[in-house]
Amino acid sequence: MPKKVLETKNLNAFYGDFQALFDVSIDLFEGEIISIIGANGAGKSTFMRSVAGLIDKIDNDINFNGSSIKNLRADEIAQKGIAMVPEGRKLFPSLSVEENLLIGSQTKRSGPWKLSSVYELFPDLCDKKNIPSNLLSGGQQQMAAIGRALMSNPEVILFDEISLGLAPIIIKNIYQNLPLVIQDGMSAVVVEQDINKAIEISDRVYCLQEGRIALTGESKKLTREEISKAYFGI
Amino acid sequence: MDWVNSIIQGILVGGLYALFAAGLSLIFGVMRLVNIAHGDLIILSAFLGLTVSTSLNLNPFLSLIIVIPAMAILGYLLQRGILNKTLGNDILPPLLVTFGLSVIIQNSLLELYTADPQKMNAGNIEVASLSLPGGLNIGWYPLIMFIISIIIIGILQFIFYKTSLGRAFRATSDDQEIAQLMGLSKNHIFGLAMAMSMVVVAIAGIFLGVRTSFDPAAGPGRLIFGFEAVIIGGLGNLWGTLIGGIILGVSQNIGAKINPGWQILAGHIAFLLVLAVRPKGLFHRMDG
Chain F
1240 MPKKVLETKN
1250 LNAFYGDFQA
1260 LFDVSIDLFE
1270 GEIISIIGAN
1280 GAGKSTFMRS
1290 VAGLIDKIDN
1300 DINFNGSSIK
1310 NLRADEIAQK
1320 GIAMVPEGRK
1330 LFPSLSVEEN
1340 LLIGSQTKRS
1350 GPWKLSSVYE
1360 LFPDLCDKKN
1370 IPSNLLSGGQ
1380 QQMAAIGRAL
1390 MSNPEVILFD
1400 EISLGLAPII
1410 IKNIYQNLPL
1420 VIQDGMSAVV
1430 VEQDINKAIE
1440 ISDRVYCLQE
1450 GRIALTGESK
1460 KLTREEISKA
1470 YFGI
Chain W
22 MDWVNSIIQG
32 ILVGGLYALF
42 AAGLSLIFGV
52 MRLVNIAHGD
62 LIILSAFLGL
72 TVSTSLNLNP
82 FLSLIIVIPA
92 MAILGYLLQR
102 GILNKTLGND
112 ILPPLLVTFG
122 LSVIIQNSLL
132 ELYTADPQKM
142 NAGNIEVASL
152 SLPGGLNIGW
162 YPLIMFIISI
172 IIIGILQFIF
182 YKTSLGRAFR
192 ATSDDQEIAQ
202 LMGLSKNHIF
212 GLAMAMSMVV
222 VAIAGIFLGV
232 RTSFDPAAGP
242 GRLIFGFEAV
252 IIGGLGNLWG
262 TLIGGIILGV
272 SQNIGAKINP
282 GWQILAGHIA
292 FLLVLAVRPK
302 GLFHRMDG
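Residue numbers (my numbering), protein chains in the order written: chain F, 1240 to 1473; chain W, 22 to 309.
Hints are not guaranteed to be accurate.
Unchecked claim - No farther apart than 27 Å at their CA atoms in a straight line, the calculated lysine-lysine pairs in the DSS-like style are these:
1. F/Lys1460 with F/Lys1243
2. W/Lys207 with F/Lys1347
3. F/Lys1296 with W/Lys207
4. F/Lys1329 with W/Lys207
5. F/Lys1353 with F/Lys1460
6. W/Lys140 with F/Lys1353
As the list claims (entries may be wrong) - Partial selection, computed: residues in chain W whose CB lies under 8 Å from chain F:
7. Ser150
8. Pro154
9. Gly155
10. Leu157
11. Leu186
12. Arg188
13. Arg191
14. Ala192
15. Asp195
16. Asp196
17. Glu198
18. Gln201
19. Met203
20. Leu205
What the hints assert, rightly or not - Using C-beta positions, here's what the derived DEER-type ranges look like:
21. F/Arg1451 with W/Glu198: 23 to 29 Å
22. W/Ile103 with F/Leu1374: 38 to 44 Å
23. W/Leu116 with F/Phe1471: 46 to 52 Å
24. W/Ile172 with F/Leu1374: 31 to 37 Å
25. F/Phe1471 with W/Glu198: 28 to 34 Å
Just so you know, the hints here were simulated from the structure itself, not pulled from any lab data.
Just so it is clear, the structure is predicted and the values come from calculations on it, not from any experiment.
Ideal Cβ placement from N, Cα and C applies to all residues, glycine included.
With these hints in hand, go ahead and build the complete structure from the sequences.
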């Protein structure tokens, strides 16, 4: 039985008085990829943001490697080894591509990822390392955002809307590289709009619907009917 | 020749205005905080320098050894203790709190030092001058002040664009939330930015206190000069701020040449003209 790295127990998350997550219990084991699917507004991003420490008001616990991270700030959680590739890439526009990557290494965690290994994985970035990051194409920006997260040598990497707004050929390329990204015992949570992709790349799937887990199981064993029922709630 | 002389003096004093402005610009750039107490902090540094140099019998410039770290620590604590709590989506709380701070600093200085104008004495350097051909005389002190201002702006520029601290400043300025995801503590980064701003304030305060007399109510006037230099030069552009300071200094001196009463007015008019023609300042924000 592999080690459980991340665990939420009946997680509730709020924006002010509005509750966005209800009793969400999700486990992530070492070396595993789970995907979270669901319609817009189902709470996928809220879940990711809760784990990353960006939601102020959460109930019940989030454990990382057995200790609670519920009361930690986002920067402290990043230091502990959870990295996020945010929705919409969110590179720093006034930093060059290389500076964006270097910011990722600010946590000073040791591991296999450094500038040279990121450039090896994404050679496009090496050619453009000195240009402002907002001049990159969408796909290159996503590579830079992934590279930036890797630079912190995380144990868990969260991909929020990994393929949103990217051309199909770029998405294919990103997914081809994903196994190279998630290795050495790293675990990943992927939020993906494309259900087929989500199932194909993950070990297990969680389907959220209006802030609750509507379905969960091993990706290969779920049927389309089960998924569409959980997804649309009909 | 009188006119050339006026312009040269204006350029030299512009360096000091650029120092007033650089700290202001740095804080605004990193955390979108408009520090209304900035001028009063400059005056506070001048008084601190006065106390240190008179009680230890030091040259005012040597008092910087104490004033710089003291102001930097004060800046860090002020940011962590008070100002960070005011930052958010609303721009009003930091304005109100720094305004209050300005009142508190002015009145505390008034209690401690009375309303009498004070001045620091740096000895012969204040009156020594360099004679140039054509009957021009340049004071050594304004010249040194100008050169040091340029060096300080160069150092700030270097820190901002070439060091990991500067990278963290720029990243936090771009997107605070994502910067935190990268493991940067926003509160600490802001504290460091304020400390750095206060280092510049300390130097500006000592330069000011040697150049002219100052009193507890002199802060807001320095704040205005700082604001004007930042806005003339274009927000977020440090070399632009230097040019802004110079334009302000030259306009003031030209105004004073025409009529001694017009000195301050001429600076404000130059500022208004730039604002009318180029609302975003003369130079663009620098990126990377």
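Tested hints:
1. F/Lys1460 with F/Lys1243: Distance of about 22 Å is within 27 Å: holds.
2. W/Lys207 with F/Lys1347: Satisfied, since the Cα-Cα distance of roughly 17 Å is no more than 27 Å.
3. F/Lys1296 with W/Lys207: The given pair, whose Cα atoms are some 19 Å apart, holds under the 27 Å limit.
4. F/Lys1329 with W/Lys207: Given pair lysine 1329 of chain F, lysine 207 of chain W holds - Cα atoms ~17 Å apart, limit 27 Å.
5. F/Lys1353 with F/Lys1460: This hinted pair is violated, its Cα atoms lying about 37 Å apart.
6. W/Lys140 with F/Lys1353: Status violated; Cα separation ~55 Å.
7. Ser150: It is violated, given that the least Cβ distance between serine 150 of chain W and chain F is near 43 Å, above 8 Å.
8. Pro154: 46 Å, violated
9. Gly155: With a closest approach of 45 Å, the glycine 155 of chain W hint is violated.
10. Leu157: 42 Å, violated
11. Leu186: Violated, about 11 Å.
12. Arg188: Nearest chain F Cβ about 5 Å off; hint holds.
13. Arg191: 5 Å, holds
14. Ala192: 5 Å, holds
15. Asp195: Holds - the Cβ of aspartate 195 of chain W comes within 8 Å of chain F, reaching about 4 Å at its closest.
16. Asp196: The hint holds - aspartate 196 of chain W has a Cβ within 8 Å of chain F, the shortest such distance being about 6 Å.
17. Glu198: Interface hint status for glutamate 198 of chain W: holds (6 Å vs cutoff 8 Å).
18. Gln201: 4 Å, holds
19. Met203: Status holds, d = 5 Å.
20. Leu205: Holds - the Cβ of leucine 205 of chain W comes within 8 Å of chain F, reaching about 6 Å at its closest.
21. F/Arg1451 with W/Glu198: 23 to 29 Å: 26 Å, holds
22. W/Ile103 with F/Leu1374: 38 to 44 Å: Holds, at about 39 Å.
23. W/Leu116 with F/Phe1471: 46 to 52 Å: At roughly 49 Å between Cβ atoms, phenylalanine 1471 of chain F and leucine 116 of chain W fall inside 46 to 52 Å, so the hint holds.
24. W/Ile172 with F/Leu1374: 31 to 37 Å: Since the Cβ atoms of isoleucine 172 of chain W and leucine 1374 of chain F sit about 33 Å apart, the hinted range of 31 to 37 Å holds.
25. F/Phe1471 with W/Glu198: 28 to 34 Å: Given about 31 Å between the Cβ atoms, the range holds.
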